[in-house]
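A.B. asks: Next come the chains, spelled out residue by residue.
There are 8 protein chains.
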Amino acid sequence: MTPTDPFSDLAAALSGELNSSETAGVRIDASRRHRTGAPEVIYGKGKSAEQISVAIRRLIAVEGRALAARIDADQAATVELALGGEPIELDFDPVGRTLIARAPDRRPPSTGGRVGLISAGSSDRPQLSEAAAILFEMGCETRSVHDVGVAGLHRLVAPLRQMSTFDPDALVVAAGMDGVLPGVISGLVAIPVVALPTSTGYGFGGEGVGALTTMLQACAPGIAVVNIDNGIGAGVMAGLIANRAAAQRSS
Amino acid sequence: MTPTDPFSDLAAALSGELNSSETAGVRIDASRRHRTGAPEVIYGKGKSAEQISVAIRRLIAVEGRALAARIDADQAATVELALGGEPIELDFDPVGRTLIARAPDRRPPSTGGRVGLISAGSSDRPQLSEAAAILFEMGCETRSVHDVGVAGLHRLVAPLRQMSTFDPDALVVAAGMDGVLPGVISGLVAIPVVALPTSTGYGFGGEGVGALTTMLQACAPGIAVVNIDNGIGAGVMAGLIANRAAAQRSS
Amino acid sequence: MTPTDPFSDLAAALSGELNSSETAGVRIDASRRHRTGAPEVIYGKGKSAEQISVAIRRLIAVEGRALAARIDADQAATVELALGGEPIELDFDPVGRTLIARAPDRRPPSTGGRVGLISAGSSDRPQLSEAAAILFEMGCETRSVHDVGVAGLHRLVAPLRQMSTFDPDALVVAAGMDGVLPGVISGLVAIPVVALPTSTGYGFGGEGVGALTTMLQACAPGIAVVNIDNGIGAGVMAGLIANRAAAQRSS
Amino acid sequence: MTPTDPFSDLAAALSGELNSSETAGVRIDASRRHRTGAPEVIYGKGKSAEQISVAIRRLIAVEGRALAARIDADQAATVELALGGEPIELDFDPVGRTLIARAPDRRPPSTGGRVGLISAGSSDRPQLSEAAAILFEMGCETRSVHDVGVAGLHRLVAPLRQMSTFDPDALVVAAGMDGVLPGVISGLVAIPVVALPTSTGYGFGGEGVGALTTMLQACAPGIAVVNIDNGIGAGVMAGLIANRAAAQRSS
Amino acid sequence: MTPTDPFSDLAAALSGELNSSETAGVRIDASRRHRTGAPEVIYGKGKSAEQISVAIRRLIAVEGRALAARIDADQAATVELALGGEPIELDFDPVGRTLIARAPDRRPPSTGGRVGLISAGSSDRPQLSEAAAILFEMGCETRSVHDVGVAGLHRLVAPLRQMSTFDPDALVVAAGMDGVLPGVISGLVAIPVVALPTSTGYGFGGEGVGALTTMLQACAPGIAVVNIDNGIGAGVMAGLIANRAAAQRSS
Amino acid sequence: MTPTDPFSDLAAALSGELNSSETAGVRIDASRRHRTGAPEVIYGKGKSAEQISVAIRRLIAVEGRALAARIDADQAATVELALGGEPIELDFDPVGRTLIARAPDRRPPSTGGRVGLISAGSSDRPQLSEAAAILFEMGCETRSVHDVGVAGLHRLVAPLRQMSTFDPDALVVAAGMDGVLPGVISGLVAIPVVALPTSTGYGFGGEGVGALTTMLQACAPGIAVVNIDNGIGAGVMAGLIANRAAAQRSS
Amino acid sequence: MTPTDPFSDLAAALSGELNSSETAGVRIDASRRHRTGAPEVIYGKGKSAEQISVAIRRLIAVEGRALAARIDADQAATVELALGGEPIELDFDPVGRTLIARAPDRRPPSTGGRVGLISAGSSDRPQLSEAAAILFEMGCETRSVHDVGVAGLHRLVAPLRQMSTFDPDALVVAAGMDGVLPGVISGLVAIPVVALPTSTGYGFGGEGVGALTTMLQACAPGIAVVNIDNGIGAGVMAGLIANRAAAQRSS
Amino acid sequence: MTPTDPFSDLAAALSGELNSSETAGVRIDASRRHRTGAPEVIYGKGKSAEQISVAIRRLIAVEGRALAARIDADQAATVELALGGEPIELDFDPVGRTLIARAPDRRPPSTGGRVGLISAGSSDRPQLSEAAAILFEMGCETRSVHDVGVAGLHRLVAPLRQMSTFDPDALVVAAGMDGVLPGVISGLVAIPVVALPTSTGYGFGGEGVGALTTMLQACAPGIAVVNIDNGIGAGVMAGLIANRAAAQRSS
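Protein chains in written order, with this note's numbering: chain S, 71 to 321; chain U, 71 to 321; chain Z, 71 to 321; chain B, 71 to 321; chain A, 71 to 321; chain E, 71 to 321; chain V, 71 to 321; chain P, 71 to 321.
Do not take every clue at face value.
As the list claims (entries may be wrong) - A few chain P residues facing chain V, derived, Cβ under 8 Å:
1. S90
2. R97
3. D99
4. T181
5. V279
Said to hold, decoys possible - No farther apart than 16 Å at their CA atoms in a straight line, the calculated lysine to aspartate or glutamate pairs in the EDC-like style are these:
6. K115(A) to E156(A)
7. K115(S) to D142(S)
8. K115(P) to E277(V)
9. K115(P) to D142(P)
10. K115(E) to D142(A)
11. K115(U) to D144(U)
12. K115(Z) to E277(S)
13. K115(B) to D142(B)
14. K115(U) to E277(B)
15. K115(S) to D144(S)
16. K115(Z) to D144(Z)
17. K115(A) to D75(A)
In short, the hints are calculated from the structure, not lab data.
Quick caveat, the model's predicted, so the values are computed rather than measured.
Positions of the beta carbon are idealized from the N, C-alpha and C atoms, including for glycine.
Construct all of the structure, not just a fragment, from the sequences and the given hints.
C.D. replies: As structure tokens, then:
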């Protein structure tokens, strides 16, 4: 496998071969998946339905699929209306607040990468759903277990053993409140852990700040952190790790 | 046992019976042990050797013993010189940085209260030593285990089982860095846990702030927190709990 | 009284005897009361009525009772509908925002533990009500006084004297704004004080941060703190202290 | 008494009558006492001995006296050397770290204003000494009591009653740690309280931040706050209050 | 004028002469005005209309007047209904969000104290209105000028000169955003300045934190600060200063 | 070109020639454009429609034009009603939330200053629109490019080259999230960059704090920062730079 | 390859087979490498030379090698003395402040994992050296480039192209100040990036906080963060990723 | 004047024409002055004398001059020794802590740009000296006035009028403590103000944070901010503004 030149897009832009036009204030990075291993994701918060629709159409044209995150039910409905007559299938997940658009029956290729998803509490599921959505787009297989927080350590036993038999290349572990779970798991397994703090919690250190701090201070190494509620970021990091491992398996 | 009037000292002061004179800027609260269950502690930081000596002499006169905390080696040596010819025995603990003064062979009465002391890392020992010193003054029996942090959960097993056979009335659990240990223990036992964050740790959430936050956000209830490095505070809280229980046993 | 092995549940899980199944993303810790001295509490915030109902049914099956906290009036009404035909009695407290569910006439056993509840201002009552609810589930007797803040110290006299005749094993003292009350009380009595900062207050140090800071910096030892508005946490800590003392009385 | 035009100095500067020359980077505000009721204070921290000496000479020339604050022993010694042969008397207070310079036997006029100074702990004395120094320069009479913190409320009784017989026009109340004292006193007396947080304390809310927060959140009104360790600021505020009252007495 | 014993209420409570009963969780401090120079203020936020009405009735019985702050239009309307048939006149100020209740035509006695009120921007008026309301209850005369912020220094000239001819005993200066005005005024006049930061402003240092910081760091002494938006606190502090001066005038 | 006396307005106010009257709590600074190079802007947030209308009328009388910022659609509609019959044309921009009022066909004079406006993401457009509005009032020509964030560096190439041919005197570069764009551009061009952090972003460092921090820590000099979302401030700074350069060109 | 049971050590401890004794307050986790894929690291800060020597001896006995981090020159010299006559070779790196101890000529096995190390500035080298040390212990091959910060983007071109030909499984990218580099690189390559903020920088957001924030807010996904200056943590995370990939290559 | 392609260096690097070699971990950006209008500055903090000497030699070779900032006296002396026999003249400024190196008698070309430098207090001089040093390297003429803080507004009159006759293209205004000066000046003149907060100040908002906040919240627009103590950054921003204006004058 020949490594790509990291600067090929930049060189193409400098020579004028590659251009990025702007529509409704949106400038799509069409070659992002090729360059960085993950497709561009449309960040829905604060965008108009028109902007989201424009972005979806352009990504569909290039990739056949598009993923929009942080989409609320109203935005989803309006985008559905806007794209009504077009050959685009839409799938809205109200838990993870993601919207998948695809040319008819277009599935992402499967890479063979494997990522385990673990939540400390039932309120951490939306963030894991967001991570699962981008992992699917990146071609990874995922497995999830929920509500295995450390207040009752024994609840972690069976789920983590099952997860272990799945033999994941990476774990995403989401936790709010005291954010203890990723560090405890990192002390039990030899798998890279992507820690995902969630905005669950109240009072001092609430809104995820306490969880983030705990994860940054974790005594057990083998753990790295993304920002609070950043399910996409956790998914892409874990997906890159898993796809790297999968590429070695298949080569 | 008849409950004391919480306001007896205040009433005595209002009627002029109880007065608190000031020497070298120090005003001793001689009735504190009787009123609150714990003797006054001399906080050494920033005090001159003269001020510490004055306070020691006055407490010895009332209680026969005195405990000074946050004493460095220089202060200890100077106080030793100052009190040289007097019938006061001094005992300096360089780890916990406490200085015990006592009239010859004067021991605190034993209450029968039992407190377990647990540290997550070897760098949390000074704070536990400070807690142990005040617990001794309050008449409690203590037992300690060290370096049982959660990065290797199995290391906690034997020490906590031993601690359990000691049947403590309360636990003081000290931890720095991610401060995870008190919450994990609180999820395993039916004993009140006084969580003591220590200023171990660096970077974001360092100096004990991350540990404090974790403890405040702990998912497992049955835990309450004192300020960072406040070994005296943790000890007094645990000592009050243990002495309350011990008083019921003996009554 | 033989101390329990803290790791019995964990050992049972490792040997496969104890399993924790997941329904609707919820995994109940059925043995928590036995292990930690306090029953599991359903944290209602962000949970669907279905999730709350599932959790109630499962806890009722094990314990005969269930306590849900942070429940708003809408959630309470929907849960009432969902559990309509079942032999479960529901009791919603709109002040403390707790919902008690019980198999017909099932009361928690009385332990004889005694906890005093004191608020600095009338706006701190919801948090004390939450604490009272869990203390009732833990079998403790409680007594409450309200609005005895230090802006008029004399208002504290009669209530604290009455409280003293109740001879409590522990106090929960709630305060917002400057959070001064727990420290002042701790300087007057020989009873362990669980300090409960509340999110009353505005401007710099508002939302309970100022109160929390004051309690952590309290000059009078014999006080430990839970997170802002954490009535459940304060209640469980005080309940463990009181039940420990009560167990000694009765043994 | 005719009120002064607040803009007289500014108008004089605009018309060119009043000029402020710069020596060694120092530009003295010679008319400050007349305009604002308090003389200019030389802030010593980070200034060279030469800069301090220049400032002293210029203020002596105008006012006959000069006060420098935040002066350490080394600076004091060097300034003493620099001003050696000149008819300037120097008085260094190592506790409050102030340096008074005066033309021989030049005393500030007495105004009759009365300010009470109260400290919560013995480590708050330096800040009160700084306040006392500027109050002396402003012509006020002061009285001080120390170490009357609220951990033993009865210790406050006699000192505050004595203070009350002094009949002060204003109080400066200094406290570190939890910073509770100013609010408690404000709830007991009808005198304006200038609250002075000090950098005593450690851990969360240490370095005076907890004390500052408590004072800003104080439930008892009749209190206003200056910055941490700002003894000069507290003194000037109290001095203006007292001198205003004294001016009414004498008019 | 004989100074009062600061502890008279406390002594009365200890001897059982003074008692504070609780109704609907509210415990009125009826002797506060006598003790501290300012009447108790009902803090409306989070209180039910019933609680507010109870408090009003009890204060009217003692003082003939009552002031409630932080009252929104809905609360005002409900309280008006609740007190409908009673001989209580109500006056709601929607700008300052204060509600005055009084026995028919009952005015507070006039003390002769004078306080000037100055705002930096037009959005700082509500806080000054709150201050003006309590100052009226304390018997002070007030004068106000608005929108004299330092972005155009010349706009300050005429208003401050007019204020100067009013010869106030104290100033309350309110400012949001950069909070510069109190310090600038303090450098121009010899009157104590109570600085009142307001929650105007956005971005970093918004919500009043920037204004508070500026006031605490003010280079010009003669200024002390209350919490963000604390109009009552600023008013009471200024009122105590002014009433002290006025008492000297009249004696 | 003779430099103006910076104090001419102040001198005029001191001599009584220049006065600033207050209407509905609003005090217009009519000479601001002459003195500071930028007209006064009406900050709409929290102002009533009446206050905004008063300010518009007074600015129109002096300048022929008025710009109000932070105006929402409701305010715009109400002001339109209020000014209905008057010879004032209104133009509301719902993206930048600015409202322009002008005497019929009154355009600001053109200065020849040139400012380039660049956004990192499509959600940063409102802030740039606000900047563009004040730049138009200051007589500058502007050019904008959008959505050129550094996640795909090649997207920056063509837009920045086009911007370069416009030969701007200054750039305003807006970015939220990690706020990286201004520093990267500053390392590529010899033009002063005014960095405008926007409140896009979530979690730790969200609401623009992360962007602000990045810009303050930028390794590439040639960049200065305004507050989060302060489009007016960024526009005025860039406009002053551009108009200074343009004045040199035309002289 | 059969996945290991994550709980094997815990089960062994519960059955009493595995015990962890304590010497001088240190409790070694001898099976950590087997369980988590990385050996235990001795954290030197605040440990005595005796504690470090004890830990080294015990790790040498188990693993043949030991790595201590955060060791200053004094500690290194004292440990060298203490272990003088023993068959242990020591290698101290004053830049990365790591101390390697090994039984004679004992090298870690090579795994074939490849990790690239990139620094933004020359002051970020110590942290990268720490990461390189643990990567060597984990059997990975590393390659480093330095001082390629984004203030001159062109300086990144050649080093990143060279890095690309090394075909690393993971990158560790260290940056202080604005912390921009990891995000820019993440937008150019399809390799997981472990971002390592360093405590370079001053003023607001200094000490690494600004860099950490930027990395958490990074627009380009494919990046996860460790705590400020945590070279060991970054190394272990990258090593786990690389060793996972290498294991697939060799299987 | 034809605008330069912002990407010329990048394109040259991509084609391999421009390379940046690394010596002792230092990678010089030799074309920075041409590209960005300001020469590279050597940041001395934490660099060895060898690294500084290498950087000086390489910059001298390209530019004939080199500027190093944040150099303490020890570093200066060691570098002087290291470069002893070479034809490089060194000039160390102990106030601004800058070290200028130049090939014999090599002066930067004069651009005709004019920048005014103003400090609020005498302790802000080092930061202004740093700014002056880089402005000299950029070819600008500077004029400075000191200690004109707003505590005595009249002191600002004469210095600002003198500054005005200098007719500067930009101002750098440095202030610590409350940081008020830049905003006040910005309200008086039509010149772009680069605000430079300094780390003068103590207590809450000390170390420059209060000054920074004030400047970001400034009510008077026409001001932009650099990081605390960043004299180089303030100088480069002002120099770019001035040189842009000067280029228009001369063209």
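A.B. asks: Does each hint fit the structure? Answer for all of them.
C.D. replies: Hints, one by one, checked against the model:
no.: 1; hint: S90; result: 4 Å, holds
no.: 2; hint: R97; result: 4 Å, holds
no.: 3; hint: D99; result: 4 Å, holds
no.: 4; hint: T181; result: 22 Å, violated
no.: 5; hint: V279; result: 6 Å, holds
no.: 6; hint: K115(A) to E156(A); result: 24 Å, violated
no.: 7; hint: K115(S) to D142(S); result: 8 Å, holds
no.: 8; hint: K115(P) to E277(V); result: 13 Å, holds
no.: 9; hint: K115(P) to D142(P); result: 8 Å, holds
no.: 10; hint: K115(E) to D142(A); result: 20 Å, violated
no.: 11; hint: K115(U) to D144(U); result: 12 Å, holds
no.: 12; hint: K115(Z) to E277(S); result: 13 Å, holds
no.: 13; hint: K115(B) to D142(B); result: 8 Å, holds
no.: 14; hint: K115(U) to E277(B); result: 13 Å, holds
no.: 15; hint: K115(S) to D144(S); result: 12 Å, holds
no.: 16; hint: K115(Z) to D144(Z); result: 12 Å, holds
no.: 17; hint: K115(A) to D75(A); result: 33 Å, violated
Checked against the numbered hints given earlier, the structure breaks hints 4, 6, 10, 17 and satisfies all the rest.
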